[in-house]
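There are 2 protein chains.
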Amino acid sequence: MTILLKQFIMISVIIETFLRHGTDGSFPHVHRHNTGSLGGELDFLAQFCTMYCIIQLQTIDNVWEPSQARKLGPYFHDGRRRIDYVLTYTVQKPVSMSPTSSGSFVRGLRQSLSRSLRRSTSSAQDDPENASELGCQEDVKRVRREEFEDNLMEMGLELEKDEGTKIPGVGFLKIHAPWDILCREAEFMKLKMPTKKVCPIMIIIQLMKNHNFFNKMTKPLQPNVEDSKMETIKHLSYPFSREKQHLFDLSDKDSFFNSKNRSLIVHGVLKRTKCVRGKHNVGLISLLGNGVYTSAYPLHDVSNTSLLLYDEWARYSIFYKYQPIGLIRKYFGEKVGLYFAWLGVYTQMLIPASIVGVIVFLYGCATLDDNIPSMEICDPRNNITMCPLCDRVCNYWKLVAACGTARASHLFDNSATVFFSIFMALWATMFMEHWKRRQMRLNYIWDLTTFEEEEEHPRAEYEFRTMQKSVRVDSRRERRGKPKKKVSHHFFASTVKLTCTDRMPAYMTTLVMMCFMICATFVVVLGVVLYRIAIMTALQLTQTPATNVRATVKTTAAIINLIIIIILDEVYGALARWLTVPKTDKSFEERLIIKSFILKFLNSFTPIVYLAFFRGRLVGRPGSYIYVLSSFRMEECAHAGCLMELCIQLCITMLGKQLIQNNLFEIGIPKLKKMLRRRKTGMDTQEEELEKKLRRHEKDHFLGPFIGLSPEYMEMIMQFGMVTLFVASFPLAPLFALLNNVIEIRLDAKKFVKELRRPLAARAKNIGIWYTLLRGISKVAVIVNAFVISFTSDFIPRLVYQYMYSPDGTLHGFVDHQLSFFNVSHFRPGTEPLEPMLGNQKVEVCRYKDYRDSPWSDTPYDFSREFWCILAARLAFVIVFQNVVMLMSDFVDWLIPDIPKEINVQMQKERTLFVEMFMKEEQGKRILWNNQGESPCHLSTHPLSDYLCTVLPRSNVGNEHLE
Amino acid sequence: MTILLKQFIMISVIIETFLRHGTDGSFPHVHRHNTGSLGGELDFLAQFCTMYCIIQLQTIDNVWEPSQARKLGPYFHDGRRRIDYVLTYTVQKPVSMSPTSSGSFVRGLRQSLSRSLRRSTSSAQDDPENASELGCQEDVKRVRREEFEDNLMEMGLELEKDEGTKIPGVGFLKIHAPWDILCREAEFMKLKMPTKKVCPIMIIIQLMKNHNFFNKMTKPLQPNVEDSKMETIKHLSYPFSREKQHLFDLSDKDSFFNSKNRSLIVHGVLKRTKCVRGKHNVGLISLLGNGVYTSAYPLHDVSNTSLLLYDEWARYSIFYKYQPIGLIRKYFGEKVGLYFAWLGVYTQMLIPASIVGVIVFLYGCATLDDNIPSMEICDPRNNITMCPLCDRVCNYWKLVAACGTARASHLFDNSATVFFSIFMALWATMFMEHWKRRQMRLNYIWDLTTFEEEEEHPRAEYEFRTMQKSVRVDSRRERRGKPKKKVSHHFFASTVKLTCTDRMPAYMTTLVMMCFMICATFVVVLGVVLYRIAIMTALQLTQTPATNVRATVKTTAAIINLIIIIILDEVYGALARWLTVPKTDKSFEERLIIKSFILKFLNSFTPIVYLAFFRGRLVGRPGSYIYVLSSFRMEECAHAGCLMELCIQLCITMLGKQLIQNNLFEIGIPKLKKMLRRRKTGMDTQEEELEKKLRRHEKDHFLGPFIGLSPEYMEMIMQFGMVTLFVASFPLAPLFALLNNVIEIRLDAKKFVKELRRPLAARAKNIGIWYTLLRGISKVAVIVNAFVISFTSDFIPRLVYQYMYSPDGTLHGFVDHQLSFFNVSHFRPGTEPLEPMLGNQKVEVCRYKDYRDSPWSDTPYDFSREFWCILAARLAFVIVFQNVVMLMSDFVDWLIPDIPKEINVQMQKERTLFVEMFMKEEQGKRILWNNQGESPCHLSTHPLSDYLCTVLPRSNVGNEHLE
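These protein sequence lines map, in sequence, to chains Z and C. Quick note: the first sequence, position 246, residue 246 per the UniProt record's numbering, numbers continuous. Quick note: the second sequence, position 484, residue 484 per the UniProt record's numbering, numbers continuous.
With the rest of the complex left out, here is chain Z:
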C-alpha cells in the first residue's frame, strides 16, 4: 500500500515539476514564474496531468494517515512547500463552486476563466451604479486582490488559496517563496548568513577557563538550551550573494533560510509589490488598511524551537532563570529579541538596586529610636503649644500629638536617603551603559553591525490622504484645462506630498487636544485635592478623632487618584493614536509614542509632583492663612513633612497600577477578546476539539493580532520613572518593580508564544526612541531627587542647624529652632480659635512650623535670616547635587566604552579572516589562470592587453572552480 502511495506521489510530483516549467501562463494560479520552451511540447500533457494530479492528491488526502501531522503543519496542500506568509480576507458569500479544499488547480482554472471574462466587462462593473453598493465594494476588493496576486506571482512567489473551508467567511492566501526567490531577495536585503568559515570566539573560551567556578554557579540559572552552551565557535556571517554561493553551506536548502528569514523575505516582497491598475498604486499596507485584506501574518512554527521556547522561557516555574535570548531572536526576530533582552537587563539591574533599597529602609527602621528630633517631639516633658491649624474652628494643640508621624517620617527621611538618591542616579547611568554594551554584543552575535535601518513605506492612512490630495489636484488641473500630470510609478510618494498647509489642521487639532488633555490632567488632580480639603474640613467641623480620619482620607484619595490615572491612561492612549497621521510607520510610531508618553507621564506623575513640591508650601501663617476658592484652606503637610504622604501615594500608585494593569488588562482582556472573536465566527467553546483538526494557518487566525511592542515598553518606562524619579522618598520602589518584572517577563513570554499571532521578524539594531526616553527620565530624575531631598525632606534644615546654630553640634534643640512664635493677640478679629484655652492654661503665645521673625522684632512675621540662609543652603545643595551627579554619570558614561573591547577585537579578527580568505581565493584563481596558460585579460589595465587577449582564446573564468 505504502509503496503504491509513494509511487503516486513521485508521479504527481514529476508531473507537477514538468507543469511548472512547462506551462506558459495559462494557469494563473500555477507557478508560471520560470517558463521554458519545453512548455510548448508539453501543453497537452500538462492539461491531462492536472486532472490526474488532483484526483491523486485527493486520494492521498483521504488515505495517507501518517502525513496528518505534516498536513496540519504550515505547508501547502502538497505537503511540501512551506507556507511562509498568510494573507486573510473576508469572503461574503461562501464560494459554492469549489467545495473541496484541495481543488485549487481546478478552481484556479475556473477563476482564471471567470476573471478574463470579468476583465472584458470590468469597465461596466467598475461603475458603482450598476450593482448594489456592498456587492460592488466586494467586487472592487476582489479585483484588487486578483491584481495584487498576479503581481505577486510575477515577483516569483507561489500562492495557494483556501476560501471558507473550515472557517466560513474567511479566505486564506497562502504564500510560499521558492529557493531562487529567497536567494534573490536575501541578496537585495543584504541578509547576513552564516558561512562555512568558522571562527572561535576567543573571549568566551578564556572566560570558560578562568571562571569555571562562576560557570558552575550560574549553571542552574542558564536556560536548558543548546544555543547558550555551544557558543564557543561562531560561523562567520557574510551578506548573502549568489555570486559568492561557495561561501555558504547550502547542503540543506530547506533549512538554510529558517522560517523567520523566509517570512521576512516574503514580507519584503509583499511590501514592494504594488497594485498599479487603479488610479493610484497602492501597496500591501494600503490594501490592509482598505480592508481588501483583513490581516497578514507569518505562521507559528510547530518545531522544536517553539516547544523549547515554551519549556525554557514561557513558564512561571523557571522565573529565576536567564532567558534564552538567542532562541527568542531566532523565532521572533531581532526586535522582539531586543525587547526581552532589555527587559532581562533591566530586571537583573533591579536586583542590586532593590537590595540597597531594602538596606536603606532597614537602616531607617534601625535608627528609629536614635533620631533626636522625633525623640524630642515624643518627649512628654516637652511642653510646646502649637497654633491652631485653621481659623476659628481649630484648637491649640500640643506638639507631642505629632509624635507618631514624626517617627514614621524618619523611615524615609534620613541621611541614608541622600546616599540612596545618588546611588540610584548612578545606577540609572550604569543601567544605560550596561544596556548599550549588551545591545552591542547582541548586535555582534546577531550580525547586525552593518545593518542599516530602512525607511519604512508610507502608512495606509497617509497614502489615503495623498491620494485624496492628488485627486483634488488633478481635478483642479482639469478644470484649468491643463493636461493631467503623468504620475510616475516609483516616485509617487515624493511627487504628491502633504505640505504644511495640508497638515496644518491636523497639527492644530493635535496641539489643541494635547493642551486640553494636559489641562484635564491638572483639573483632575485639583479635583482630588479639593475632595481631600473638603472632606478634611467637614471632618474637622464634626470634631471626629483626627488620626484615623486622616489616614482614611489619604488612602481614599490615593485610590481615587489611581483609578483616574488608569482610566485616563487608556483614554489618552486611544486619543494619541487618533491624533497621529505622519508619513511612515517608523515616524508614526515615534510620534505616537512621544504623545502618549507625555500624556501618560503627566497623568501618572502630576499628583505625585503636587504632593512633593506644592503641598504645604503656600499655606500662610497663623492669623493669615491662605484660602483657595474663598473657603477651603490650602492643604498642609503633617508636622514632619510631606515625605510620608508622598511615600504612601507612590506605593499605592505603583502597586495598584501593576496589579490592575497586569492582571486585568494583560491577562483578562485578551482572554475576553479571544472569547468574543470565537463567538463572532460562530464557534462555541465546546467545539474546541474541532480546533485540533484545524491547519496551522487556521489556528493562527484565531490568535490575537500582534500590535507592536509599544504597550510593553511604555509600561516598563513608566515603572522606570517610578523607580528613579522619587526614589529619595520611597527606597522600596526597586523591590516592588523587581517582583513585578519577574512575573512580567514570563507573562509576556506566554503571550507571545501562545496567545498572539507570530509577529513579523523585524530587524532592529536598537530599541530606538525608548532609549532616548529612558535617558530623559534618568536626567530628570537627578533634578527631581535633588529637589525632593532639599525641599521636601528636612535634611538641609537639620544640616544647617547642626553646623551653624546648634550650640553643641548635635540636633538637640532642632525642633525648637524650627518653630516660630505667634502672639495670640495678633489674630485678626473672627479668626481666633473658639476655645482660647489649652488644658487649663490661657494661651498667649503659640508656635508654628516656619522660619519667621518673632512678634517682638522690628519686622514681625517676616521671613527671618534663618529662612534665607536655609533657602540658600537648599539651593546650593540642588546645584551641587545636580552637577556632581551629572558629572559622575557622564564620567561613568565616558569611562565604560560603548562597544565592549572583546567585541571590537573579535570583529577586527573576523575582518582579517575574510580578507585572508579572499586573498587565498585570488591566489587560487591566479594559479588556475597560469595553469591554463592565459592572462587574466579582463582585469588587466594595460592598453595592449586587449589586443593580446583577442589573439588568445578567451574562456570564462568565474568562481565555479572554487565551489
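Careful: at least some of the hints might be erroneous.
Pairs count within a copy or across copies, as identical chains cannot be separated in the list.
Calculated pairs, BS3-like style, for lysine-lysine (alpha carbon to alpha carbon, straight line, at most 27 angstroms) [as the list claims (entries may be wrong)]: (1) Lys909 <-> Lys274; (2) Lys699 <-> Lys335; (3) Lys674 <-> Lys161; (4) Lys436 <-> Lys699; (5) Lys274 <-> Lys197; (6) Lys842 <-> Lys190; (7) Lys141 <-> Lys274; (8) Lys765 <-> Lys671; (9) Lys260 <-> Lys197; (10) Lys196 <-> Lys779; (11) Lys920 <-> Lys274; (12) Lys192 <-> Lys673; (13) Lys196 <-> Lys849; (14) Lys271 <-> Lys909.
Rather than coming from a laboratory, the hints here were simulated on the basis of the structure.
With chain Z fixed as given, assemble chain C onto it according to the hints.
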C-alpha cells in the same frame, strides 16, 4: 622625428608588456606578479629586450622635450605608470654603481645579483660582532627593506627604486598599483564608486527653482568650481566589485580610480604587508618607527584639481567665499575635508554670534549714561566715605573715585549680557545640530553612509613593547625548559598583549605626571597672582597715583599670563605625546587628545576662572582683612566687580594667543624648519632654480610632513571655549574669533596645498572625539555662564534690590544699599589708617561693599539678611538658568532631526532605484534563459530540477550578457 619616437615607445611598451607576462621572477624589480606559460618561450627575447628598452628610454629621456612635464610629474621612468605612493629611506654611502637615474632595469638586475650573494652570507652579516655597529644596523635595515619589497611585489604592487640621484643620501621607493590590484583592493575595502546609473538630486533642483534670488545673491560667494554648480545629478555609488563591473563606467581605466583612491588602496596594501622573516612580523608602521623607512607619503597631484584648489581656496583674496569642500575631499580625502567643512560651518555660525555680540556691546555703550548706579557713583553730590582698602597704609577714599571703572563695567555688565549668555548657549547647540546635519549631508554626498571605521593596526611603539615582552616570555619559557610557543602570524597582536601589570608603570607615570602638571598650572597662576599683589602693595606703599598703576599692573600680569600659557601649551603638548602608549593609532590619538586637551584647557582657563570666581571673594572686611602668606592681602576687585578685569584678561589671552600662535607657530616655524631641512641636505636658497628640475616625489620630499589634524582642531576647540565659556563677560569674543578664523581657513589651506606633503586620504565619517569635546565644552559653558552672571556680575543684587527693597521700584539707592557701615573705632590696634582724616573731616563711620549687619545691631558685622536673600536669589538663578538653557538645548537638539529629511528621502530613493535595477537585471536573465530554452537549474530549489538539468545541456550564464 615624433613619429619615430612614438614607434620607439610603442615597441618598448609592447616588449615591456611581454616581459611583464613573460618573466618568471628572475627580475626581482620587474613585475613578476602574473607570470604565464608564455614566459618560457620568451625568456631569451626578454633578456635582449631589457637592454634595448633601457637604451631607448635613455634616448627618449634626452630627446623628447614635450614629455618633460609628464616626466617631472608623478610617474615611473617609463612616463606611464603613476607613482601612487612613495617610501623614502636613508642611503648612507652614495651608491656609486648606478649613476644614471633612469637605469633602473640594469640596477635592478645588478641588485638582485648582489642580493642573492648577500643572502647566502646573511647569517654571517647578521652577527653584530663582525661589522661596525653602524654599518651593521644599515645592513639589517636593508635586509628588512628588501624583504618588505619582495612581499609588496608578491601582493601585486609594482616598484621602482631611485637611490640618491639628485638628493644625496635619500632613496625613494616608488610604488605603483596596476589595475587588477586596484580592483581587488577596492573590492576588499568596499570602496563605493560611482556607477553609470544617474539619479537627479530632487531637492537641489527644487531649491534652484524656488530660491533663484537666493542663488543669484550667493553666486559671488560660491567658489568658481564646476563641482559646486553641477550637483543637480548624482551618479549612484555602489561598493566596487569585479563581479558587478558592468555597473561601472570603466571606459577610462586610468581615471576611474583617482589619485586619492589609488594612494588609499596602496596604503591599505602597505598596512597589510608584514615582514615575517625576522623573529617577529612587523608592518610598515613599525618599519617607519624603526627607521627602516624614513617616511611614507602619497604624491601631490599637479593636475587641474591642485591648481584649482590653490586658486579657489588657498588665497587670502577670496576670504569671503565658501570653500570648495567637494574638491578638497577629492584631493585630500574625507578626514581633511571634514575638518575644513567643520571649520567653515563654525566660521559661518560665528557671523550671527558676532553680530549679536556687537549689538549687545553697542547696547552697553548706548545705555552708559542711563545707568542709575554708575550715575549715582559719579554724582559729585554723593558724599560717601569708603573704608581703606588695606590696613594702616591705605587711606579713606570717596566713592566718586570709582566713577571710571563703574562706567566701564556697565559695558559688560548689563541686562543684555544675560540675554547674550542664553543666546550663546543656544547658539552652541544650534552649531552642534547644524554640524551634525552638515556632516550627514557630506556623508551622503561622499558615499560614506555605510562606511564602517576599521580598527587601525597596532602602533609602532606598541608593537615594539609587545615584541620586548614576548622576547621576555620566550626566554622565561626556555629557562623553564618549556618548548617555545609558536606564534601564529595573524593573531600576533592578540596572543601577546600588554596586560595591566605591564601597563601599570606607564599608568602610574601618567597619573603622577598629569597631577604634577595640573599642580604646576595652579602654581603658575598663583605666582602671577602674588606678583600682582606684591607690585600693588609696593606701589601703594610708595603712594603713586592709583589709576594708571592699576592698569599697568593688570596688563603686565595678563601678558605674563599669556606668555606662560603659550609656553606651557607647547610643553604640555610634548609631554602628553611622551606619556601616551596605547595599542592602536586611533586610541592613541584619542588618549593623546584627551590628555593634551585637559592640560591645555586648564592652562588657558585657570587664570580666567580665578579671576571670575575667586578673586575678591575671600577678602574679609575692614578691620579684619584676610592675608595670605602673612603679609599679602587677598586681591580685591574694583568697586564695580571683577567683570571688567575678566574682560581684559580674556581679550589679551584670545588676541595674543591667536596672533602669536598663528603668525609665529603656523607661519614662522614651518618656514624655519624648511630652511633647516634644506641646509641639512646641502641645498642653499640660491639653488632654488634647481628645484624646478626636481621630479614630483623629490619635490614633495622637501615639504613638511603631515602630522595630523589634531593641532588644528585643538586650536579651534580652545577658541570655541573662549567664545562660549565666559561669553557673559566678553560679548566681542565671537567677533574676534570670526576675524581670526577667516584668516585661519586660508592659512591652513595654503599650508595643506603648498607646504605640507600630501596627507593620506583617510576616510572618516565624523570628526570623532572632537565632537565629544565640543559637546562637553558647550555643556560646561552653560554652568559657567550661569555662575558668571549670578556671582561675578551685579545682575542679581540689582534685580533683588529693584523688586524687594527699592522704595520706588527703580535702582535709585542701590549703591547705598550695597554698602555696609563700619565703625572706625572697631579697627584693631595697629590696623587703623595712618591718616584718620579725609579732607578736613574726621571719619567716624566709613562704608565698604558687602552685605553685613551694621555696627549698632545685635550681631555686628555678621552677614545680614540681605546677604542670605541675595545668595538664595543667586543660587536660584543658577538653577533656573542651567535647567532652562539645558532644556532648551535638548529641545532644539530633539526638534532638529540629525539626518536632514531630504537626505533621508534621497537615500530611500537610491535604494529603490538599485532594487529596481537589479530586478530588471533578474528579469533580463530570465528572458535570456527562456530564449536559450533552458531552466535556471543551479538556482532552482526543486529536488527534481537537478535530475532535469542533467538531461539538458548546461551552459554558463553569468553577468556578461549585460555588460
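Quick rundown of the hints versus the structure:
1. Lys909 <-> Lys274: between (43 angstroms within a copy, 16 angstroms between copies)
2. Lys699 <-> Lys335: Within one copy only: 24 angstroms inside, 57 angstroms across.
3. Lys674 <-> Lys161: within (25 angstroms within a copy, 81 angstroms between copies)
4. Lys436 <-> Lys699: neither (38 angstroms within a copy, 50 angstroms between copies)
5. Lys274 <-> Lys197: between (39 angstroms within a copy, 24 angstroms between copies)
6. Lys842 <-> Lys190: neither (89 angstroms within a copy, 94 angstroms between copies)
7. Lys141 <-> Lys274: within (15 angstroms within a copy, 67 angstroms between copies)
8. Lys765 <-> Lys671: neither (33 angstroms within a copy, 51 angstroms between copies)
9. Lys260 <-> Lys197: within (23 angstroms within a copy, 34 angstroms between copies)
10. Lys196 <-> Lys779: neither (46 angstroms within a copy, 50 angstroms between copies)
11. Lys920 <-> Lys274: Between. Shortest inter-copy distance 16 angstroms satisfies the 27 angstroms Cα cut-off; intra-copy 44 angstroms does not.
12. Lys192 <-> Lys673: Classified as neither; 39 angstroms inside a copy, 52 angstroms across copies.
13. Lys196 <-> Lys849: For Lys196 and Lys849, the Cα distance exceeds 27 angstroms both inside one copy (77 angstroms) and across copies (82 angstroms).
14. Lys271 <-> Lys909: Between copies only: 15 angstroms across chains, 37 angstroms inside a chain, cut-off 27 angstroms.
Hint check: violations occur at hints 4, 6, 8, 10, 12, 13; the rest are consistent with the structure.
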